[in-house]
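Engineer: Residue numbers (our numbering), protein chains in the order written: chain A, 1 to 581; chain B, 1 to 171.
It is possible that some hints are incorrect.
Said to hold, decoys possible - Lysine-lysine pairs mimicking PhoX-like chemistry, simulated, CA-CA at most 20 Å apart:
1) Lys100/B <-> Lys50/B
2) Lys181/A <-> Lys50/B
3) Lys188/A <-> Lys4/A
4) Lys44/A <-> Lys438/A
5) Lys312/A <-> Lys143/B
6) Lys168/B <-> Lys140/B
As the list claims (entries may be wrong) - To give an idea of the chain A side of the interface with chain B (calculated C-beta under 7 Å), a few residues:
7) Phe38
8) His124
9) Gln179
10) Arg184
11) Lys188
12) Asp190
13) Gln227
14) Thr313
15) Asp534
16) Thr572
Claimed, not checked - Looking from chain A toward chain B, a few residues come up when the C-beta cut is under 10 Å (computed):
17) Thr150
18) His180
19) Asn311
20) Lys359
If you are wondering where the hints come from, they were derived from the structure by calculation, not from laboratory data.
The beta-carbon is built from N, C-alpha and C at its ideal position, and this holds for glycine as well.
Residues per chain are reported as follows:
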Amino acid sequence: MTEKSGADILVEALCDLGVEVVFGYPGGAVLPIYDALFRSGRIKHILVRHEQAATHAAEGYARSTGKPGVVLVTSGPGATNAVTGITDALMDSIPMVVITGQVPTTLIGSDAFQEADTVGITRHCTKHNYLVKDPARLGPVIHEAFHIATSGRPGPVVVDIPKNVQVATAKYQKPGPIQHKTYRPALKADRAAIEQVVDMLAAAERPVLYTGGGVINAGPAASQLLQELARITGAPVTSTLMGLGAYPASGPAWLGMLGMHGTYEANMAMNQADLVVAIGSRFDDRVTGRLDAFSPNSRKVHIDIDRSSINKTVRIDLAIVADAGHAMEDMVRVWKARQHPKPDTANWWQRIGEWRAKKCLSFPESTKEIMPQRAIRALWEATHARSPIITTEVGQHQMWAAQHFDFDLPNKWLTSGGLGTMGYGLPAAIGAQLGNPKALVIDIAGEASIQMNIQELATATQYRLPVKVFILNNEYMGMVRQWQELTYESRYSESYSDALPDFVKLAEAYGWKGIRIETPDQLEAGIADMLAHDGPVMVDCMVAKLANCFPMIPSGAAHTEMILQANEVSGTMDDEAKALV
Amino acid sequence: MHISEEKAERHTLAVIVDNEPGILARIAGLFTARGYNIESLTVSEVTADKAVSRITIVTSASPATLEQIVAQLDRLVPVHRVHDLTAEGPHVERELALVKVRGTGDHRIEALRLADVYRARVVDATTSSFVFEVTGGIEKIDKFVELMGEVGLIEVARTGIVAIARGKDAA
Numbered sequence: 001m002t003e004k005s006g007a008d009i010l011v012e013a014l015c016d017l018g019v020e021v022v023f024g025y026p027g028g029a030v031l032p033i034y035d036a037l038f039r040s041g042r043i044k045h046i047l048v049r050h051e052q053a054a055t056h057a058a059e060g061y062a063r064s065t066g067k068p069g070v071v072l073v074t075s076g077p078g079a080t081n082a083v084t085g086i087t088d089a090l091m092d093s094i095p096m097v098v099i100t101g102q103v104p105t106t107l108i109g110s111d112a113f114q115e116a117d118t119v120g121i122t123r124h125c126t127k128h129n130y131l132v133k134d135p136a137r138l139g140p141v142i143h144e145a146f147h148i149a150t151s152g153r154p155g156p157v158v159v160d161i162p163k164n165v166q167v168a169t170a171k172y173q174k175p176g177p178i179q180h181k182t183y184r185p186a187l188k189a190d191r192a193a194i195e196q197v198v199d200m201l202a203a204a205e206r207p208v209l210y211t212g213g214g215v216i217n218a219g220p221a222a223s224q225l226l227q228e229l230a231r232i233t234g235a236p237v238t239s240t241l242m243g244l245g246a247y248p249a250s251g252p253a254w255l256g257m258l259g260m261h262g263t264y265e266a267n268m269a270m271n272q273a274d275l276v277v278a279i280g281s282r283f284d285d286r287v288t289g290r291l292d293a294f295s296p297n298s299r300k301v302h303i304d305i306d307r308s309s310i311n312k313t314v315r316i317d318l319a320i321v322a323d324a325g326h327a328m329e330d331m332v333r334v335w336k337a338r339q340h341p342k343p344d345t346a347n348w349w350q351r352i353g354e355w356r357a358k359k360c361l362s363f364p365e366s367t368k369e370i371m372p373q374r375a376i377r378a379l380w381e382a383t384h385a386r387s388p389i390i391t392t393e394v395g396q397h398q399m400w401a402a403q404h405f406d407f408d409l410p411n412k413w414l415t416s417g418g419l420g421t422m423g424y425g426l427p428a429a430i431g432a433q434l435g436n437p438k439a440l441v442i443d444i445a446g447e448a449s450i451q452m453n454i455q456e457l458a459t460a461t462q463y464r465l466p467v468k469v470f471i472l473n474n475e476y477m478g479m480v481r482q483w484q485e486l487t488y489e490s491r492y493s494e495s496y497s498d499a500l501p502d503f504v505k506l507a508e509a510y511g512w513k514g515i516r517i518e519t520p521d522q523l524e525a526g527i528a529d530m531l532a533h534d535g536p537v538m539v540d541c542m543v544a545k546l547a548n549c550f551p552m553i554p555s556g557a558a559h560t561e562m563i564l565q566a567n568e569v570s571g572t573m574d575d576e577a578k579a580l581v
Numbered sequence: 001m002h003i004s005e006e007k008a009e010r011h012t013l014a015v016i017v018d019n020e021p022g023i024l025a026r027i028a029g030l031f032t033a034r035g036y037n038i039e040s041l042t043v044s045e046v047t048a049d050k051a052v053s054r055i056t057i058v059t060s061a062s063p064a065t066l067e068q069i070v071a072q073l074d075r076l077v078p079v080h081r082v083h084d085l086t087a088e089g090p091h092v093e094r095e096l097a098l099v100k101v102r103g104t105g106d107h108r109i110e111a112l113r114l115a116d117v118y119r120a121r122v123v124d125a126t127t128s129s130f131v132f133e134v135t136g137g138i139e140k141i142d143k144f145v146e147l148m149g150e151v152g153l154i155e156v157a158r159t160g161i162v163a164i165a166r167g168k169d170a171a
């Protein structure tokens, strides 16, 4: 076998792993790899305009396709710019492999030009990371990195490759299936635990299935199993922000999202339930509200592939460490084998009906200005038949999108849930469009967030990606302003979006189509114009400036203490609540 | 507003890891990142091929946090297994200390006498100083060092705790 350069080994290993797209940005410490990519011609490289965008684009690609996203950046600033997206992928359990260039091994530790301690910096924001000092190790490490990124609870893996390792030669052979020495995530649930949860569901009077991103990560079949499980058990389904689409919003058991900006019925059902079955969700603080008041009378079952998620914040009665799909498959099978009849949950559904009757997502309509919720509904009306992929930035628009855009399928909703990264939506949309060339991909944005990765307009132009950016422009960092109204008597400290660009002209400057929507009567036509254009479009939709996102559970409050409308806001909070995020 | 803290208990953990670069930083960093506390940490290779290391960590935490610490350590990729020795049953804990005392006359004689009581060995001596080597549990060594304070203590070096389960089985 002839020896190859480290750079050629890397490219060949990526090809062997089925990588089709790499998001990256060249620089001194990755020049050998870029030359290998050029000579190989087998992998499509997407040149972003900032390394953070490469990581979010890889996340968008991964979340919409189920395949790992791959990033290639240079040493030093290339790697540090990628850190936000790497952390985002860790928080949201997104499979991603980030290849970083490094200064030659002979210079490591000398404060060389563009040197940063990449493995040190990324040690705690990756699932695992490697510094490869020997080209012979490169092939096995790349394969292992993909194995770790994609199996168990998915996450980002960084492989740092010094420049001399990219140039030095070694033999490479495609390895067989990876049997890792120490890393062996459990996929199948303990049989006895499955029987126990089935018994608990059969006996429950007020059950709730509380699902999360783990169901989506478990693949489309898991979403089908969730529907089956809800159907046979008669249990209602609620979901975290991350899990939207796993159970269809049009399905009969759907309660809507739960948590801080969740629906009244979902949060009340959690509060009053006698059994909560958490599936691929992690009792995040945005979901639980005040812990000592969280679902006080329920027994709790937690199905999660990550053992450390169990008992992290909420004490669990029955823990099942397994892949969500495998566990639900076993539950459905055991349920059917035991010929359990569908439990009589009629009383429970009647109470849920009463909560639903509150119509907590209703909002004040206006004929003078566009209500942001109305804009989202209009966008849904115009596009839902095409099953669009929706990405978001972070803030009010994100929560309105979660509340008012109904998802019937998994992998269609891409949002930064755990880290809450502004600037996520546009690059994520670019990644999703690359993974789904025929799909309609829309970034629902805010005028503040969109500016955090606005340079990526050029990336979409370069690769002729017809992504749409729909900005809900209220001239405020709206969620910051909303919290200032709730907590600091409306002292708007630095939350006004001053000196905004003309987004239409900006779009045009990048070769995009720009559309401005200013009044309610322009809304439908503006959306239609956006959809009619086969290239990238940026819509600047001027919405009511002071609209706020409700329902809302304020920080430190219980599920039963929801604020449903703006007139219930007091304007101050005590220090305990102020100290919470 | 006051920030309250949970009641903690002291546990000794044995963490069996693949001996790869950065593993100690990974573990120490996990403790700082998640706000866990480390009272003592020792690490050494324990197999002939130097492929596996054993890290002994003494930590104080509430029972719920201890469960998290074990789970968080266990999910690190290079970790083979984690044992909460305190929770799993009887085990032996030992620490070694080197204790330097300086003095003449009665102080010097008293230091030697105390060292004898604590079964400390003299590993270095000058006409005006001794270095004692003492092993034992944390309390014994704490007490010995405290006593040496009265007879000319100059300097102490301690290894930190190593621990192993009692009985015939491996952890």
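Engineer: All hints are to be evaluated individually against the structure, with a verdict given for each.
Structural biologist: Quick rundown of the hints versus the structure:
1. Lys100/B <-> Lys50/B: Violated, because 33 Å separates the two Cα atoms, which is more than 20 Å.
2. Lys181/A <-> Lys50/B: holds, 15 Å
3. Lys188/A <-> Lys4/A: Not OK: Lys188/A and Lys4/A at ~40 Å, beyond 20 Å, violated.
4. Lys44/A <-> Lys438/A: holds, 17 Å
5. Lys312/A <-> Lys143/B: violated, 38 Å
6. Lys168/B <-> Lys140/B: violated, 26 Å
7. Phe38: violated, 32 Å
8. His124: holds, 5 Å
9. Gln179: violated, 14 Å
10. Arg184: violated, 10 Å
11. Lys188: Violated, about 18 Å.
12. Asp190: Status violated, d = 16 Å.
13. Gln227: violated, 30 Å
14. Thr313: Violated, about 9 Å.
15. Asp534: At 45 Å from the nearest chain B Cβ, Asp534/A fails the 7 Å test, so the hint is violated.
16. Thr572: violated, 14 Å
17. Thr150: Violated: closest Cβ of chain B sits about 13 Å from Thr150/A, beyond 10 Å.
18. His180: holds, 8 Å
19. Asn311: Since the shortest Cβ distance to chain B is 6 Å, the answer is holds.
20. Lys359: violated, 37 Å
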